[in-house]
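Protein chains in written order, with numbering that gives the first Met the number 0: chain A, 0 to 216; chain D, 0 to 281; chain W, 0 to 406.
Simulated from the structure, these hints should not be mistaken for lab results.
Quick reminder that beta carbons are idealized off the backbone N, C-alpha and C, glycines included.
Heads up, a few of these hints could be off.
Every beta carbon over 10 Å from chain A, so not counted as near; a handful from chain W, in silico [said to hold, decoys possible]: (1) Arg50; (2) Asp160; (3) Cys254; (4) Thr259; (5) Gln395.
Here are the simulated distance ranges between beta carbons [said to hold, decoys possible]: (6) D:Arg83 x W:His158: 44 to 50 Å; (7) W:Glu391 x D:Leu35: 40 to 46 Å; (8) W:Trp155 x D:Thr223: 43 to 49 Å.
Stretch-level coverage of chain D by chain W, calculated; a stretch enters the list once three of its residues show a Cβ under 8 Å from a Cβ in chain W [to be verified]: (9) 67-81; (10) 130-139; (11) 142-152.
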Amino acid sequence: MNPSANAPQGVRAAGPEETETPRVSARVGLLADRDFVEVRFCGSGGQGLLLMGLILAVAANHDHRCVVQTESYGPEARGGHSRSDVIISDTAIDYPTLDSADLLVALSQEAADGYTRSLRREGILMYDSGKVTNPPSFPGMTIGVPFTRLATEETGRPQTTNVLTLGAVVGITGVVSVESLTKAVMEAVPAGTTEVNARALARGLALDYAEWMVDSC
Amino acid sequence: MSLEIEEFLHTERLPHIWCPGCGNGIVTAAFLRAALDLGLKRESTVVVSGIGCSSRASNYIDLGTVHSIHGRAIAVATGIKMARPNFTVIVLTGDGDGAAIGGNHLIHACRRNIDLTCVLFNNQIYGMTGGQLSPTMEVGGRATTAPHGHVEPPFDLCRLTEAAGASFVARGTAGHIRQLEKLIKKGIAHPGFAFIEAVVPCPTEYGRRNGTANAPRMLDDERTRSISKAKAAGLSRQELAGKIVTGILHEDTTAPEFLQAYTADARAQAEEASAPAAKEQK
Amino acid sequence: MDNRSTSAVLDSVAAMELWHSHLLREKIDQSSLLVQGNRACALGALDAGVRFFAGYPITPSSEIMEAMAYELPRVGGVFVQMEDEIASICACIGASLSGWLGMTATSGPGFSLMQEAIGYAIMVEAPLVIVDVMREGPSTGRVSAPSQGDVMQARWGTHGDHPAIVLAASNVADMYRLTMAAVRFAQRFRTPVTLLADEVVGHMRESFSPELVGRYRLTSGDFDFTPGYVHPDLAREVHPPHILGSEAHPHVTGCTHDETGFPTNDAKKSERFLHELYDKVTNHRDELCLYDVKNEGKGRVCVVAYGSCARSARAAWRLAELEGLPVEVLHLYTLFPLPIEVIQTVARRVEFMLIPELNLGQYAREVRKLAENWTTVISMGKIDGTLITPREILDQVTRLIGKYESV
Ligand SMILES: Cc1ncc(C[n+]2csc(CCOP(=O)(O)OP(=O)(O)O)c2C)c(N)n1
Ligand code: SF4
Numbered sequence: 000m001n002p003s004a005n006a007p008q009g010v011r012a013a014g015p016e017e018t019e020t021p022r023v024s025a026r027v028g029l030l031a032d033r034d035f036v037e038v039r040f041c042g043s044g045g046q047g048l049l050l051m052g053l054i055l056a057v058a059a060n061h062d063h064r065c066v067v068q069t070e071s072y073g074p075e076a077r078g079g080h081s082r083s084d085v086i087i088s089d090t091a092i093d094y095p096t097l098d099s100a101d102l103l104v105a106l107s108q109e110a111a112d113g114y115t116r117s118l119r120r121e122g123i124l125m126y127d128s129g130k131v132t133n134p135p136s137f138p139g140m141t142i143g144v145p146f147t148r149l150a151t152e153e154t155g156r157p158q159t160t161n162v163l164t165l166g167a168v169v170g171i172t173g174v175v176s177v178e179s180l181t182k183a184v185m186e187a188v189p190a191g192t193t194e195v196n197a198r199a200l201a202r203g204l205a206l207d208y209a210e211w212m213v214d215s216c
Numbered sequence: 000m001s002l003e004i005e006e007f008l009h010t011e012r013l014p015h016i017w018c019p020g021c022g023n024g025i026v027t028a029a030f031l032r033a034a035l036d037l038g039l040k041r042e043s044t045v046v047v048s049g050i051g052c053s054s055r056a057s058n059y060i061d062l063g064t065v066h067s068i069h070g071r072a073i074a075v076a077t078g079i080k081m082a083r084p085n086f087t088v089i090v091l092t093g094d095g096d097g098a099a100i101g102g103n104h105l106i107h108a109c110r111r112n113i114d115l116t117c118v119l120f121n122n123q124i125y126g127m128t129g130g131q132l133s134p135t136m137e138v139g140g141r142a143t144t145a146p147h148g149h150v151e152p153p154f155d156l157c158r159l160t161e162a163a164g165a166s167f168v169a170r171g172t173a174g175h176i177r178q179l180e181k182l183i184k185k186g187i188a189h190p191g192f193a194f195i196e197a198v199v200p201c202p203t204e205y206g207r208r209n210g211t212a213n214a215p216r217m218l219d220d221e222r223t224r225s226i227s228k229a230k231a232a233g234l235s236r237q238e239l240a241g242k243i244v245t246g247i248l249h250e251d252t253t254a255p256e257f258l259q260a261y262t263a264d265a266r267a268q269a270e271e272a273s274a275p276a277a278k279e280q281k
Numbered sequence: 000m001d002n003r004s005t006s007a008v009l010d011s012v013a014a015m016e017l018w019h020s021h022l023l024r025e026k027i028d029q030s031s032l033l034v035q036g037n038r039a040c041a042l043g044a045l046d047a048g049v050r051f052f053a054g055y056p057i058t059p060s061s062e063i064m065e066a067m068a069y070e071l072p073r074v075g076g077v078f079v080q081m082e083d084e085i086a087s088i089c090a091c092i093g094a095s096l097s098g099w100l101g102m103t104a105t106s107g108p109g110f111s112l113m114q115e116a117i118g119y120a121i122m123v124e125a126p127l128v129i130v131d132v133m134r135e136g137p138s139t140g141r142v143s144a145p146s147q148g149d150v151m152q153a154r155w156g157t158h159g160d161h162p163a164i165v166l167a168a169s170n171v172a173d174m175y176r177l178t179m180a181a182v183r184f185a186q187r188f189r190t191p192v193t194l195l196a197d198e199v200v201g202h203m204r205e206s207f208s209p210e211l212v213g214r215y216r217l218t219s220g221d222f223d224f225t226p227g228y229v230h231p232d233l234a235r236e237v238h239p240p241h242i243l244g245s246e247a248h249p250h251v252t253g254c255t256h257d258e259t260g261f262p263t264n265d266a267k268k269s270e271r272f273l274h275e276l277y278d279k280v281t282n283h284r285d286e287l288c289l290y291d292v293k294n295e296g297k298g299r300v301c302v303v304a305y306g307s308c309a310r311s312a313r314a315a316w317r318l319a320e321l322e323g324l325p326v327e328v329l330h331l332y333t334l335f336p337l338p339i340e341v342i343q344t345v346a347r348r349v350e351f352m353l354i355p356e357l358n359l360g361q362y363a364r365e366v367r368k369l370a371e372n373w374t375t376v377i378s379m380g381k382i383d384g385t386l387i388t389p390r391e392i393l394d395q396v397t398r399l400i401g402k403y404e405s406v
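Turn these sequences into a full structure, and let the hints guide you.
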């Protein structure tokens, strides 16, 4: 029995692992050298979390890596917390949903409380220190940055918080390359807002160590 | 919401799932006030709903409630009413639930003139499933399944139900809370099938794609487009385009109600069946 | 690869997603796309030449319909949202009898409503594609939780004795190529074909490269939408199609009929007719049964899986390699007609067959019937609305092998 001989022409069973993935632009940061990373964005509805997950996924795709992105749907996405998960890997991704996160980005207290559990012990917890006033205790690295305040100061628009946060995430962890992130952000934002979003992104990427407020390592 | 209606609310189940600015809460509250005013009893009132954002109302109401399946609320309610004719049975449904998948049940309930009250929350869209077109969406409206603009004309549900035989037909809007409450009250009190269309704003799925997602503005718009039946009487079709005609549009208290007709007939049949036996006994 | 149709769909995705303003346009990169499973399904249908779609909204399948609503009028096709699922499938049958291939998409509750009409479609030999993106539970259940609860519904949902072709997708590329395969099978065998997916496969976005599209693409010779066409290979088995408006067939009926198309009460004739319906499918298992074996011939345990569970099974196999556990994976893309020979060949060489499913063993029962003479079949069901994890499979494997060792 030949497993592949049975398929009609063209409908052959094969996984994406057979495609070669050329590597592009370099990535720098705490998670840059991982060949498999799981990222979760969480917060409350309306904060643009799904968009953040999608931008990161598109950026990883631009990096020619394998990506799976899933998110909360329906009533789950309306009230309470909403989440968007991105799995990035150098090889084909089999199990499609998040197992335990390497990086959790929390934009509300409720979400931080609820989802810190999904982080692996040696993972990184990043939160908006303006929103999460009482960060949950977590043994890994904890980074609090006042994303919303920084975005408002930089662009005058709190709506740019998610782009600024993405900049900070990538600046610190390097889960995707800066080049791909920039490309993905520019594809995503509404026409007419490219300039403010570019500023927010640059501000996030340029975050310096002093602004991190690393609680524990 | 006013405090008194908490009597009929599962407050512990709140907050509800509806979006900020959604009109469903307004209609639900109007119904609850009508129920309170009429002095409906928990043990003899059943609210049946289908599936949809609007149909979620039954999850928060502290009366007998049945959250049934998509489109079939009226069919389920018919069964309940036939088994328990002395119950007050109210159907809360949406335009998709009641007029698309459940449209056939709706017209047949009208035809039978069974003593149910149906409050249909008309937001012209499928809210729950994310903004697909509904049978009440106007030509040119936008939905995820009418991305190029809708080309089918909408149902006028009040004219439809009247033609199908409903003996009480009314229309109100979430913008006129008191009127809506009165219409629902009259509908419940009416002997026979009562249909009340409640025009509600859905800022999230309808508004966002069709002009404005601003809920207060949507309510204002409902108010400015509304016109009473009396005023509408003198206007031509063209002049009525885009208007919402509100009030009691049709009322016939003499039309035979299904269950009464059925029981009367059943009694006659039973008498006839027992008559020869009675003779023999003699 | 013909980039045109792909980019057209992706443009439409972009436009649609912009409406859902919280979503980003899934923009094409020259080398790789990030595509949602449901969109990939629509893309596959369009690329396979489907030009008729009728449906009714239901989570988690609606995106398929939304993409078709956008795209079909732009490519000369027809889209309509009907008043319920019964109407949707009936409209598809009507289109199909008029020489188009009708397609619809739904989830469990809608699939149940369609069942009577599916029986009719089988009887009148109307080619159809039905996509069922499964969600948890009977009735309304949990709409945003994955499940594989409709496997038996897909096989035996409609009344009467009937053949069924049922495929199962496990990733975004599958949603594309198995939709194409479904179109091809429906058209060749003139019968409804069901493609099963689940909430995770339908909603997730995944890298989907044009090379993959190119590689899995069926060639235009695989499809022939000429009304009345029957592939010469199948001319003796497949009845000539009913095409309304043509001379070929004057009458269409769901009653048992003979070659004239008119009802018959002749016992012999009706028996023969029903056998022919069955045989045209089951005689072509070789062509219809799509599958894939990982680590072939090297396992003591074979994990038999389909849909998203097959992804967990593959991940479990990779973990097993690291731990030195002998595991193979039989990934089934076709659930029905039953891949009898494939399953029995594997059964003859392994000690255990483990079947992880998001139901309480619907397919395991089928496998057990086929394999229990040779091997021990173990069902591993889960119905809490989450996927089975690779760890859970691996633990079960370890337990099985360990148990065997200690005996
Ligand atoms: C048989 C079946 N088909 C489809 C669905 C999916 N569904 C749930 S709610 C809904 C539409 C509800 O629309 P409407 O009645 O207008 O209510 P709204 O959400 O707008 O208040 C649909 C199609 C279902 N639950 N069951
Ligand atoms: S989607 Fe529309 S109908 Fe549903 S809760 Fe939101 S505003 Fe109301």
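Tested hints:
| no. | hint | verdict |
| --- | --- | --- |
| 1 | Arg50 | 21 Å, holds |
| 2 | Asp160 | 26 Å, holds |
| 3 | Cys254 | 33 Å, holds |
| 4 | Thr259 | 33 Å, holds |
| 5 | Gln395 | 15 Å, holds |
| 6 | D:Arg83 x W:His158: 44 to 50 Å | 33 Å, violated |
| 7 | W:Glu391 x D:Leu35: 40 to 46 Å | 52 Å, violated |
| 8 | W:Trp155 x D:Thr223: 43 to 49 Å | 56 Å, violated |
| 9 | 67-81 | holds (count 3) |
| 10 | 130-139 | holds (count 4) |
| 11 | 142-152 | holds (count 5) |
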